[in-house]
Amino acid sequence: MTVKMEASAGKLSEKTLMIYGIVVALVGIYLTQINGFTGVAVFSFFGGIGAIAALWWGSDTIKHLCSYGLGTGVPSAGMVAFGAGAIAMIAGTKFNLIIPFVGISLVPIVTLILAALIGAVIGYIANNIINMNIPVMIFSLTKLSIVGALTMLGFGAMCTGTFSFNGLVTGGLSLQMEPAAQAAANGAQMFTVTVIPEFAGSLIGGATLAVIFFLGAMALQHPFNACLGPNEQQDRTLMLALEVGFLSMIVVAVMSYAFLDIVSATIGLIVALIGWIYTYKQYIALSKRDAYEWLDAKPIKEVGGDQ
Amino acid sequence: MSALGGKASGGEGINPTGTVVGIIILLVSIAATYALGFSIVPLIGIIIGGALIGFGVHFVPVGGAPAAMGQAPGIATGVAMLAAGAGLAGLFGGAWAYEATGDFIVAIAGGAVGGGLMMAITCLMVNATYVFAMGIPAASGKVAKDPITGDTFPEYKSQGTEGHGLPFVSFFGGVVGGFIAGLGGTIIYLELFDVYLANLPALMNGATTESIQPLAVSLAGIFAIGFFLVNAVLAAYNITGTIEGPHDPKFKRVPRAVIGCAVASAFCGLISMLIIYNTGM
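Chains as they are written, first to last, in the numbering used here: chain A, 1 to 307; chain B, 1 to 281.
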C-alpha cells in the first residue's frame, strides 16, 4: 500500500497549460456570443470546445495536487472543484453587462474572478484551518474552481446557446389572454395579453445543469485517476482528458436538442463525435506506446473432454 | 489517497493564525451580505447547515479502498460519495416534506431522517456483504472494546489488518452522521429556497410566485449540492480520507472541520446571494 504517486514532468509546463486552458476556454465561451449577433445558434458548440480546454488544463492541475497524497482520493478534488465552480458560475451569469465598444459580455470574466475567489478561500481553509500544509493547495484549488466554473459555463452555453442568467433560466414564453373590453361600434372584442415566462423548461429551472455538473466533475477527475501510477505520461493523461471531455460533450449535445434548433444541435453532436473518435484512437495509440506489451484478449477456450 | 499510501499530512491541533483569519472571512462575509442589503438570517442558517455537514461527516465510517479489500473497517468508498449519497437523500426528503407541509421544522426533520435512513440501509447492506459474502467478522482496530455494546475486538481481528467489517459503534456513527448531515443539507436548501422564492419574482419580468417555484427549487437544489460537496470534501481532508466512527482518535479533529466548513459556507453563501442582487441586467 505504498505506491508512490508522482506527477510526471512532461513537455508542457503547468504555466503553459494554464495559459492555453484559460485562453481557449474564454475564447470558446465568447464565440458562442456570435449567436446573439447573427441570430442563429450554430456557434453554440464553441462553448463545448472551451469547456474541454478547461478540463484538459484541470486534469493536469489535479495531477499536481493529488501527487501530495490528500488521503481522500482523486475524485474528491473533482467534486470540490465543481461544487465551488457551480456556485461561481450561476452567480457569474447574473453579470451580463455588455462592455461598450468591444461588444462582449462580462459574464465569463466575472465567473472566472468569482471562481478564483471561492477557490482561494476554500484552499486557504484546507491549508491553514484544516492544517493540510500542502504547498500547492491554495493555488491548485483556485485553478480547479476556475476549471469547474468555466466548464459548466461552456457546456451551459453549448446547451442553450447563451450564457446570460435570463437565457439560462427562461425556457419559453406563453401568452395569457383575458377579455378586456367590448368595443362598442362593431362589437369587436379586445384582449389584454400578458407574456408569462416559463422557467421549468430551462437549463437551470429544469435542473439540467445538475447533469452538466456531474458530467464535468467525472471528466475532470477521471483522467488522472485512470492514468496514475509509475508509468504515468503527461501526453497520455492529457489525451484521455480530451477524450472524456468529448464524451461529455456528446451528452451535452444530445441535451441541447431540447433547447436549440435541430441544425445547431446536430452540428454540436457531429463535432463532439468526430472529436471523440479521433481522441479515442489517439489515446489507444498512446496506451499501446506506453504498455510493456499489448495482448489482444481472446475468448476463453473451452476445454474438451472430461475436464 | 489511502490506497496509494501517500503521506497523509493532516496534523493534530488547531492552527491559531489560520483560524483567526477564517473567522475574519466569516464575519466579513456576513457584513458584506448586510451591506448589499440582504437579510443575514438566511446566511446564518447556511453557516449552521455547513458546520453541521462538516460535523456529521466525522461520524460516518468511511473505509475507502482498504475497506473494499477487507483490510480496514468502514464502508468501502470515499467521503465525497457517501456524503453526497446521504446528503442528497436527506435533501430530497426534506424538499418533499417542505412541499407537502410547508413547515420548516417538519421539513428539516424529514431531511435528517432521510439522511439517517439512507446511511442505516447502506450500513446494513455493507455489513451483510462483509459477513455473508466476504466472510469477515466486524472488528475495529482502533479500540479493544465496542463503547456501546461492550463486544471485544482483538480476538476477531485478522493479523496484518487494521480491523474489518462494520462494528455496532460504526453502524451507530453512520446513522448519526447521516442524520446530522441530512439536517445540515436541508437547512441550506430551505434557506436558499425561501430567499429565491421571495426575491426572484421582482427581478424577473412578469414572473409570479407560482411560475418562479420550479426555478427556485432548481437553483436552491444545485447550490445545496455545491455546498454539500464543498463541505464534505473539506471534512474529508480533515480526516485524511478514512475514519472508523465516533470512537476513532481522528474524531478529536472535529473542531477544525466545523470552523472550516462554517467559513466556507459563509463565503459561498455570500456568492449565492448575488443571484438576487439586482444588477439591472
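Derived from the structure by calculation, the hints contain no laboratory data.
It is possible that part of the hints are untrue.
Label pairs and their in silico Cβ distance ranges [claimed, not checked]:
hint	chain 1	residue 1	chain 2	residue 2	range
1	B	Ala-100	A	Ala-285	36 to 46 Å
2	B	Asp-151	A	Ala-258	26 to 36 Å
3	B	Asp-151	A	Ala-285	33 to 43 Å
4	A	Ser-13	B	Pro-255	55 to 65 Å
5	B	Phe-132	A	Thr-16	50 to 60 Å
6	B	Leu-36	A	Ala-291	50 to 60 Å
7	B	Ser-39	A	Ile-109	27 to 37 Å
8	B	Ile-24	A	Val-193	36 to 46 Å
9	A	Ser-13	B	Asp-151	47 to 57 Å
10	B	Ile-24	A	Asn-133	19 to 29 Å
11	A	Ala-226	B	Pro-137	48 to 58 Å
12	B	Pro-249	A	Ile-104	51 to 61 Å
13	A	Val-254	B	Met-81	24 to 34 Å
14	A	Ile-99	B	Leu-36	38 to 48 Å
Among chain B residues calculated to face chain A with C-beta under 7 Å, some are [stated by the list, open to error]:
hint	residue
15	Asn-15
16	Pro-16
17	Gly-22
18	Ile-23
19	Ala-76
20	Thr-77
21	Ala-80
22	Ala-236
23	Gly-260
Quick reminder that beta carbons are idealized off the backbone N, C-alpha and C, glycines included.
Structure-based check of all given hints:
no., hint, in the structure
1, B:Ala-100 with A:Ala-285: 36 to 46 Å, "violated, 56 Å"
2, B:Asp-151 with A:Ala-258: 26 to 36 Å, "violated, 55 Å"
3, B:Asp-151 with A:Ala-285: 33 to 43 Å, "violated, 56 Å"
4, A:Ser-13 with B:Pro-255: 55 to 65 Å, "violated, 39 Å"
5, B:Phe-132 with A:Thr-16: 50 to 60 Å, "holds, 53 Å"
6, B:Leu-36 with A:Ala-291: 50 to 60 Å, "holds, 56 Å"
7, B:Ser-39 with A:Ile-109: 27 to 37 Å, "holds, 29 Å"
8, B:Ile-24 with A:Val-193: 36 to 46 Å, "violated, 53 Å"
9, A:Ser-13 with B:Asp-151: 47 to 57 Å, "holds, 55 Å"
10, B:Ile-24 with A:Asn-133: 19 to 29 Å, "holds, 21 Å"
11, A:Ala-226 with B:Pro-137: 48 to 58 Å, "violated, 34 Å"
12, B:Pro-249 with A:Ile-104: 51 to 61 Å, "holds, 55 Å"
13, A:Val-254 with B:Met-81: 24 to 34 Å, "holds, 26 Å"
14, A:Ile-99 with B:Leu-36: 38 to 48 Å, "violated, 23 Å"
15, Asn-15, "holds, 5 Å"
16, Pro-16, "violated, 10 Å"
17, Gly-22, "holds, 5 Å"
18, Ile-23, "violated, 9 Å"
19, Ala-76, "violated, 12 Å"
20, Thr-77, "violated, 9 Å"
21, Ala-80, "holds, 4 Å"
22, Ala-236, "holds, 4 Å"
23, Gly-260, "holds, 4 Å"
Hint check: violations occur at hints 1, 2, 3, 4, 8, 11, 14, 16, 18, 19, 20; the rest are consistent with the structure.
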